[in-house]
Each structure stands twice: as C-alpha cells, then as structure tokens.
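Protein sequences appear in the order of chains A and B. The first sequence maps to residues 16 to 278 in this note's numbering. The second sequence maps to residues 16 to 278 in this note's numbering.
Hints are computed from structural coordinates only; laboratory data are not their basis. Warning: the hint list may mix true and false statements.
Just so you know, same-sequence chains aren't split out, so a pair can sit in one copy or run between any two.
[Unchecked claim] Simulated pairs of lysine-lysine, PhoX-like, Cα-Cα distance not exceeding 25 Å:
| hint | residue 1 | residue 2 |
| --- | --- | --- |
| 1 | Lys168 | Lys57 |
| 2 | Lys253 | Lys57 |
| 3 | Lys22 | Lys72 |
| 4 | Lys161 | Lys231 |
| 5 | Lys217 | Lys56 |
| 6 | Lys168 | Lys221 |
| 7 | Lys56 | Lys22 |
| 8 | Lys168 | Lys56 |
| 9 | Lys45 | Lys102 |
| 10 | Lys22 | Lys45 |
| 11 | Lys253 | Lys168 |
| 12 | Lys102 | Lys57 |
| 13 | Lys231 | Lys217 |
2 protein chains.
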Amino acid sequence: MIEFADKSPAEIRSLIRRNELTRPTAGMAKGFTQANLAILKKELAFDFLLFCQRNPKPCPVLDVTEPGSPIPQLIAPGADIRTDIPKYRIYRHGELVEEVTDILNYWEDDMVAFLIGCSFTFEHPLMNNGIPVRHIEENCNVAMYKTNIPCIKAGRFEGPVVVSMRPIPEKDVVRAVQVTSRFPSVHGAPIHIGNPAHIGIKNINKPDFGDAVTIKDGEVPVFWACGVTPQAAAMQVKPELMITHAPGHMLITDVRDEQFGVL
Amino acid sequence: MIEFADKSPAEIRSLIRRNELTRPTAGMAKGFTQANLAILKKELAFDFLLFCQRNPKPCPVLDVTEPGSPIPQLIAPGADIRTDIPKYRIYRHGELVEEVTDILNYWEDDMVAFLIGCSFTFEHPLMNNGIPVRHIEENCNVAMYKTNIPCIKAGRFEGPVVVSMRPIPEKDVVRAVQVTSRFPSVHGAPIHIGNPAHIGIKNINKPDFGDAVTIKDGEVPVFWACGVTPQAAAMQVKPELMITHAPGHMLITDVRDEQFGVL
Chain A
16 MIEFADKSPA
26 EIRSLIRRNE
36 LTRPTAGMAK
46 GFTQANLAIL
56 KKELAFDFLL
66 FCQRNPKPCP
76 VLDVTEPGSP
86 IPQLIAPGAD
96 IRTDIPKYRI
106 YRHGELVEEV
116 TDILNYWEDD
126 MVAFLIGCSF
136 TFEHPLMNNG
146 IPVRHIEENC
156 NVAMYKTNIP
166 CIKAGRFEGP
176 VVVSMRPIPE
186 KDVVRAVQVT
196 SRFPSVHGAP
206 IHIGNPAHIG
216 IKNINKPDFG
226 DAVTIKDGEV
236 PVFWACGVTP
246 QAAAMQVKPE
256 LMITHAPGHM
266 LITDVRDEQF
276 GVL
Chain B
16 MIEFADKSPA
26 EIRSLIRRNE
36 LTRPTAGMAK
46 GFTQANLAIL
56 KKELAFDFLL
66 FCQRNPKPCP
76 VLDVTEPGSP
86 IPQLIAPGAD
96 IRTDIPKYRI
106 YRHGELVEEV
116 TDILNYWEDD
126 MVAFLIGCSF
136 TFEHPLMNNG
146 IPVRHIEENC
156 NVAMYKTNIP
166 CIKAGRFEGP
176 VVVSMRPIPE
186 KDVVRAVQVT
196 SRFPSVHGAP
206 IHIGNPAHIG
216 IKNINKPDFG
226 DAVTIKDGEV
236 PVFWACGVTP
246 QAAAMQVKPE
256 LMITHAPGHM
266 LITDVRDEQF
276 GVL
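For reference, chain A alone in the conformation it holds in the complex:
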C-alpha cells in the first residue's frame, strides 16, 4: 500500500473512480483526512443531521451534500460521492443487500450524503508524539464496543455511543488526551479512561466490531467516541434505502489532517 501513501487525494480518487483501486484506503494519501459515508433520503436528513449535531463527539459532521448533489463541496470539491469510494454497502430496511464499487444505479435526486470524521485522523499525531497505536502495530482493525452511554435522541434516531479502544501506556495517557483534544472534528478527546465495565463493556477481549488487540502490562484502555455510532443509529431506523462505505473503504478528502487541529 506504500505506493499510494505519497499520491494526492485526487490521483487516488481517480484510480478508484476507474475501478483500478478497490482496496481499503488505510495509509493512502498520507496526511489527508479520510471520511466515513452515510447516504439517506431527504425525508430522514433533518433528523439525522440533528442527531449528529446533538452528539458531536461520536458524530462529527465534516460535510453534507446538497440534496441530489453528489459533490462534497467543503472537503473534496473535485470528488463524486457515487464513484470515488472503493466499496459501498447497500442497506434496504436495515439489511445489507449488496456490496458494490459504485452507486450510480442507486443514486436518486432526493439523496443526501453525510461525510463524518474518523479517528484515523488523530492516529498520526499520536504516533508523532511517540504514543503507540496498537491496531496499526498489529495490522488489524481498531477494536470497537457498544457502551451503555445513550446518544441524545433526535426524531427517530437513537442508540448507544459506540467507542473505539486504544491501549495506552500509563505514562502517555495525559499526553494522549492532550493530543486528541486538538481534533474535536474527528472525535476529539477520549470519553473514558480505564475500567471498561464502567461504560458497560463486559469483555474487552470481545469487541462488537473490528478486532481485539493486545493490552500489555502497564497499559490502560482508553476509549474514544466512534463513527460507527451514527451508522448504527441509522440502521435501527431501518430506512427504505441507506448507503454507506464498506468498512475501511473511506472517502479520501482534500483536507489535511492538521487543518482539523485547533490551537
């Protein structure tokens, strides 16, 4: 994948658009933010945007397309949301029915695409601070868990906050809070440090999504709000049609990670 680390977002999106690239996007266009995708019909869009507005830590909205427009004007004005993601998932009434490499045949005039921040954006800053990121070391997906923390409801959308977990050496926990606090638009500071049971996680070795990772002696599990939260909430509504990216197959934006840093 290293061959794509130094390519520009536009170059990679062009390869994806021509179906010459259909792999997960981790590591591609290093330094540029990648975004989660959720597409809903206009009739659900206000409630979903409100849900995100009320729950900004798990649902940091980076961009919302104009109804019917496939162009994410703010974060990738040269992109087409219907073709520039390597793999999509089509859900009907909350059930996964198909994985496809473009959604030209599914796109309708009343569709609204939500691009949502992803904690990948703060993982390079963590590593640049000498803080290990275990799932990158172990070359697997981040461990994600449903918690007993409810999101604030909006219209028909509700559900628990989903978190991602990274084991952090005790001596680095304060710095990890500081570094990730700088990135509120990609989940920001952790929402919990330490005992998984306190947020309703029964078995840290059995994540609800992604892969379990090693927690070494002297490391503390640290939990960040996760972008799976809004997708899970949307799924519970069982919308007639909903389209998301396939896990790990993200939109590569034109915005540099550091542009989301505050202070």
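Go by the hints and put chain B onto chain A.
Chain B alone, transformed into the frame defined by chain A:
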C-alpha cells in the same frame, strides 16, 4: 442590573416568564451562557441547520428543539422557549411586524427553535485576562459590520459573514486570539485582525448594527464572526413566519461559559 448577576438562570427565567422582567439580559446570571434565538418552520429547518453546519464560525449551534417542542433539552431543559425570553421579534416575509413578550399565540406544531452561541460568552474570559472590552466599558452594544466574505450557501440560505469588532491593545492581540480560540462553540478565534478594508468594511465608525466604539491609539480592530449572520441570512429568504429574540434580550441557559471552553 447587578441585582440579577448572582441569581440562577432558572430564577431569572421564571421572572421573565411572569413578565416581571422584560429588560436586556446582559450581566444577568453571571458565568452562564446566553444564546441567540431563531425560530423557523420545519420546511426550512434542514436547510437552515445545514447552513449553520457549513458556517460554524458565524453560526455555532448550541441546541435545536425537536419540531413542535418548546424545550431546549441540551442547554436549558427547564426552560420554555415561548415564554422565557424577555422580548421577541415577529417577522413575516422578512418584515418586522411586532415585538412581544411571549410567543404563545404564534407557536405552531411544526416550529423548530435554533439556539445559537453568542460572543458574550468569551468576553468575561477576555476581561479576566486583563484585556479591555470597549463596548462594556462604554456601556453600549458591540459594533457589528457586514463583510465581503460570503457564507457557504445551503439550500435557500446565503449571505455575507457579519462580524463584531473589539479594539484590542497591540500587546494583547496574541492573547486575545488564544483566549477566544478556547471557545469554538461561541464563535471562537477572530476571523480578521487589522485593516477593516480587507474584509470589505468601508467606515469603521459606521457599524451596520450596534454602536460605534472608541478605538484608541495603539489599538488594533479585531473581528470575530457574529451571530447576526444566520438571522440576516434567514431574513433574506423572507420566510412566511420567523421569530427571533429582540437584540440583547437573550435566552439564559443552564450551561456555564467555561463548559464551552476546550482544553
């Protein structure tokens, strides 16, 4: 007004609800955030929320009520948006038609109230840092100007960014940027420092809204995005019915200013 500085938000809202208090709210319930109000019908709510999401510096959304519900659950769950603001303005097709002390007779089941952050929240932190706030010293309204900076359009909503200006001693400008950067949900860092002409302001002594203030020798005009922006954008759409607070007559929330501080 000092008699209300130490009262709780709930106590003051109760006086307002009984029409025993109909004055501007500046200085009341010291340390608690005050919010701007804009009420629109549901049919315009998605586009307006999207406009705010795309323009977070001038339009920092603190809370949005569920359609038809007058309760701002996030920032003042004990408040009723129809009675707890000292003075309201009723606009029909973009024209001011009436000022009233409650809106019980105007409220409809499809109305959505937007509570938007206000730069008053960061004025105490500025003063606590020894930085003068001129319009408080001169006991007048802050000076506000239309700029030549366009907001990002959303649906029918568009318009220029409106800014508030505070003259800051040259030696304090860096600190003023730092202090206000901590408060992104109430406009955050300035958007311009120095020459007014560079953002399209022709005469600094003739503000478009509010009052002109003295700029002393050695002071630099510093410009922050202003909550008048979304009201002005909404007015241009000439909605059938729109309700706002009367200038200076704000919703006093249960959230402390410092709770909006990051880091």
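So, going through the hints one by one against the coordinates:
1. Lys168 with Lys57: The answer is both: 19 Å in one copy and 18 Å across copies each meet 25 Å.
2. Lys253 with Lys57: The answer is both: 15 Å in one copy and 23 Å across copies each meet 25 Å.
3. Lys22 with Lys72: neither (30 Å within a copy, 32 Å between copies)
4. Lys161 with Lys231: This pair counts as within: shortest intra-copy Cα distance 22 Å, inter-copy 57 Å.
5. Lys217 with Lys56: Neither way: Lys217 and Lys56 sit 36 Å apart in one copy and 44 Å across, limit 25 Å.
6. Lys168 with Lys221: neither (27 Å within a copy, 45 Å between copies)
7. Lys56 with Lys22: neither (33 Å within a copy, 46 Å between copies)
8. Lys168 with Lys56: For Lys168 and Lys56, both the intra-copy (19 Å) and inter-copy (20 Å) Cα distances are at most 25 Å.
9. Lys45 with Lys102: Result: close within a single copy only, 20 Å intra versus 52 Å inter.
10. Lys22 with Lys45: within (8 Å within a copy, 53 Å between copies)
11. Lys253 with Lys168: within (16 Å within a copy, 31 Å between copies)
12. Lys102 with Lys57: within (23 Å within a copy, 35 Å between copies)
13. Lys231 with Lys217: Answer is within; shortest intra-copy Cα gap is 19 Å, inter-copy 63 Å.
Against the hints set out earlier in the document, violations occur for numbers 3, 5, 6, 7.
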